[in-house]
Amino acid sequence: MLLIPMMLLGIAVALFRRSSQAVVYGPRPDVPLQLLRWATGLLSEQRAEWGQAMLGELAHIEGRARRWSFAIGCIGTALLLPPWGRTAGAVVAIIAVAVGSLGLYASVIIRYRLGASSLIGASIAATFLLSFVVAAGVALRRRGAAVPGLLGGLVVALAWVAASGFTFSNMILRVWPAWALPLLFIVVPAAVGGLGTLWGGSAAAGRRTARLAGISAGVGVYLYGTLAVAVFGAGGLPDDSGFSATYTINDRLGNNLTFYLALLPLVTATFGWSAATLTARIKHLPDHADATYPPAAPYVSMTPSSAALSMPYDVEPAIVSGVAAWPRSARVVLVSAAVVVILALGFATGLRG
Amino acid sequence: MQRNRPPSAQTISVLLALAADPAQWRYGYDLATQVQLKSGSLYPILVRLADRGLLETAWEQGQGSRPPRHLYRLTSAGREFVAALPAVRHPQTAARPHNRLSEA
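In the order they appear, the protein sequences are chains P and A.
At position 88 of the first sequence the residue is numbered 88 (our numbering), and the sequence of numbers has no breaks.
If you want our numbering, it's the position in the second sequence, counting the first as 1, plus 353.
Calculated from the structure, these hints are not laboratory results.
Misleading hints may appear alongside valid ones.
Stated by the list, open to error - In silico contact screen, one side only, chain A against chain P (beta carbon under 8 Å); selected entries:
#1 381
#2 392
#3 397
Beta carbons are placed, not taken as given, at the ideal position from N, Cα and C, and that holds for glycine.
Work the whole structure out from these sequences, hints included.
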């Protein structure tokens, strides 16, 4: 029930933010430039100048095919160019947690003889985990995103486990106190997004923090939930009566997937994102605070007539403001979507309470 | 730790293109076109050469709405390195290298 309004809220925010930016900045740059901007943002600080070199070169290439060809090669370079630094360790850790979850899932399938039908759930979980590993690999390479994002993920994961009273039984059945839903779904994600904004000094940093926190917490809590099912199987408190043990275990594994790989990252990213934008607005922080290249010197004059230095090229043009730049209709729809989500959360909390 | 492996055919072709007129600053795309390398092969080579102190970089100021452009030329160490290359004696062999991902 909660998943749909959450997704609607996220989609509404993304669509209206995108359209409002188009109004403010005019036509968007072509796809090769957008992709290359994104990819060069992943380069380590000491390689950032090379990202600017690729962007500067692309600006002088005419023709769609040539631009695509050049951009694709540069994107590959930007994605792989070392050094990755400590990011590599974090990526390996997330891969290890994801593989551990899948291993536990496989052990549950074998131990409880769940049959071929359970492989569908395992495939969905593997797809989620693979996409999370890729997304984490990208998010971790963003400058300044790793530490706040992983710390945020730790806080979110601890909150979800604490809400279950640190017991496997409650983790499986999600027996939460009434206060847990607003805490897990709004307060903690919003705190992560807001603090990430203050840490990184921009709304974009806060949004990246929220995304990485959602991904890392989702992967971690999913491992914990799968471990709980591996330990309890169909045991513990009865959640559904009259079903076979195989059905119950499959059901629990499926619920883990829904709650920890879908809902947790979604609500963390969504509310963290909103809080990041709001915090930047309140604290008068920029939307983006990426470093600009090239530096002021040295410049080389290729043409005798050129004398004055140009403005440094900004990879991602600083957005003038956050919410203030949005059209009125976007703000109305955003507030409406938020109200729907809050009502849905209140309704769900009331049902549980 | 910096590894000083023998230069690949692609690297040699880039070095030779730069050494043709050592005083001249070159653009990345022009170099790629001249030596027929994809950007995904060229830039790792340029990065490696710059890391080894063989390549000098600078920025050309932007013109109009276009951003500044990165420029490249050999350092004196780079010129000496090219002069010591065996491939210099057979430049035609390195003029059109095959594009291999492993060289990137």
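Right, here's what the structure says about each hint:
no. : hint : in the structure
1   : 381  : holds (5 Å)
2   : 392  : holds (3 Å)
3   : 397  : holds (6 Å)
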